[in-house]
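K.L.:
Spelled out, the chains give:
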Amino acid sequence: MNNTSLILIIVGSALIHNVVLNQFLGICSFLGVSKQMKASISLGGAVIFVITIASAVASLLYDYVLKPLGMDFMKTIIFILVIAALVQIVEMFLKKKSPAVYNALGIYLPLITTNCAVLGVALTNVQDGYNFIQCVTSGFGTALGYTIAIVLLAGIRSRINEKDLPAPLRGAPIVMIAAALMSIAFMGFGGLKL
Amino acid sequence: MKGCIERLWNGLVKENPVLVLMLGMCPALAVSTQAANGIGMGLSTLAVLVLSNFVISCLRKVIPDQVRLPAYIVIVASLVTVTELLIKAYIPSLYEELGIYIPLIVVNCIILGRAEAYANKHTPLLSVMDGIGMGLGFTVALTIAGAIRELLGTGKVFGAQLLPEGFGMTIFIQPPGAFLVFALIIAIMNAVGIKTRQRKLVESGCDGNCGLCQTPCETAAPKSEEPQKGGEQA
Numbered sequence: 001m002n003n004t005s006l007i008l009i010i011v012g013s014a015l016i017h018n019v020v021l022n023q024f025l026g027i028c029s030f031l032g033v034s035k036q037m038k039a040s041i042s043l044g045g046a047v048i049f050v051i052t053i054a055s056a057v058a059s060l061l062y063d064y065v066l067k068p069l070g071m072d073f074m075k076t077i078i079f080i081l082v083i084a085a086l087v088q089i090v091e092m093f094l095k096k097k098s099p100a101v102y103n104a105l106g107i108y109l110p111l112i113t114t115n116c117a118v119l120g121v122a123l124t125n126v127q128d129g130y131n132f133i134q135c136v137t138s139g140f141g142t143a144l145g146y147t148i149a150i151v152l153l154a155g156i157r158s159r160i161n162e163k164d165l166p167a168p169l170r171g172a173p174i175v176m177i178a179a180a181l182m183s184i185a186f187m188g189f190g191g192l193k194l
Numbered sequence: 001m002k003g004c005i006e007r008l009w010n011g012l013v014k015e016n017p018v019l020v021l022m023l024g025m026c027p028a029l030a031v032s033t034q035a036a037n038g039i040g041m042g043l044s045t046l047a048v049l050v051l052s053n054f055v056i057s058c059l060r061k062v063i064p065d066q067v068r069l070p071a072y073i074v075i076v077a078s079l080v081t082v083t084e085l086l087i088k089a090y091i092p093s094l095y096e097e098l099g100i101y102i103p104l105i106v107v108n109c110i111i112l113g114r115a116e117a118y119a120n121k122h123t124p125l126l127s128v129m130d131g132i133g134m135g136l137g138f139t140v141a142l143t144i145a146g147a148i149r150e151l152l153g154t155g156k157v158f159g160a161q162l163l164p165e166g167f168g169m170t171i172f173i174q175p176p177g178a179f180l181v182f183a184l185i186i187a188i189m190n191a192v193g194i195k196t197r198q199r200k201l202v203e204s205g206c207d208g209n210c211g212l213c214q215t216p217c218e219t220a221a222p223k224s225e226e227p228q229k230g231g232e233q234a
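Taken in sequence, the protein lines are chains B and A. All residue numbers for the first sequence refer to our numbering, where the first residue is 1 and numbers rise by one. All residue numbers for the second sequence refer to our numbering, where the first residue is 1 and numbers rise by one.
No lab work stands behind these hints, which were simulated from the structure alone. We put the CB at the ideal spot given by N, CA and C, even for glycine.
If you anchor each label on the Cβ, the simulated ranges turn out as follows: (1) Lys2(A) to Asn131(B): 56 to 64 Å; (2) Gly191(B) to Lys2(A): 51 to 59 Å; (3) Ile7(B) to Val192(A): 44 to 52 Å; (4) Thr123(A) to Tyr64(B): 41 to 49 Å; (5) Ile100(A) to Gly70(B): 16 to 24 Å; (6) Gly188(B) to Glu165(A): 27 to 35 Å.
For reference, chain B alone in the conformation it holds in the complex (with noise of 0.2 Å):
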């Protein structure tokens, strides 16, 4: 496993098939946290930690336990299961030992077991038949484009607040319509040539 192919799969997951304006996975967060710079960067930083580890404990899991006894057809059952587990230690983890890292994230930390990116990664990975390492470095990547995607839209979002909309878009609809601008930028990393 060369070098060059790893940072391939980070561009790749982060930019060019970004997770949220690509893949639409992880939305009602995306649209939900972005309200606030702080909650959006803290979230973010939850995200990358928990989608990190989850794709690794799902590809070691897969590889070594569900393959071996020909139960993929279980992967999505026990991949929710081992996500929300994973989310319950991490925060027992980051409460015992880093109280304030813990604060930080407050709320958002348990939230993290029903963003579908979590599970899409996972699920992803094991589709594509990437190894330990690559699942790793995806997940990795997916979840630094999540956050890139959310910390960008909450920059935007406060700049809307100032303005003065025509009341049916205010809310949701001007929201995703920076979405959508924010994803037709996206797609100039598309003609990125990998």
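Following the hints, complete the assembly by docking chain A onto the known chain B.
P.N.:
What follows is chain A alone, placed relative to chain B:
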């Protein structure tokens, strides 16, 4: 009987999961590239939703309160796996089109939301009707959005050529088009609903649905009974 029809109407129009409650946006945005995909995804979700509402409603007195969420997730994940295998076996073309979004029905907030907000408090019959209503609401929203995107993007609807050959604004079948079309559909629904809602807000106070509300939360008086929200947002 009246309750059942009320449930259907509630899911289809009053609390349409996608357009009003803003739940399940991920699959809605992702698979609405064609009207046919919208129907396929909508009906798969409907099947899972009806079954999960039924099972959870039947087990609502058995499942202890503290572990209800893990229990719901296991029930939903099992049903989704069954649905996934059935689609793979009988409609392989749909399976190819929807891909990763079929297993992701597990984390669709509509399903856990309805389990939490409705099925664990009501009888199996009403819960099934609620599932049908919500599922149909989801299907209709996805199909309409899919038809609009397909029409603008390729000039076809359900594969039938409606606009002149060669017409197509490709952006609408690409990711940005999904955000744009849903933004505009919701904006139109807002424009229609704003007047009636504002009148209603003055009468009854906040209903806890901030997606459509232009009134600042401080000025709207809280509603007396518990608001019927769609459960936690994912």
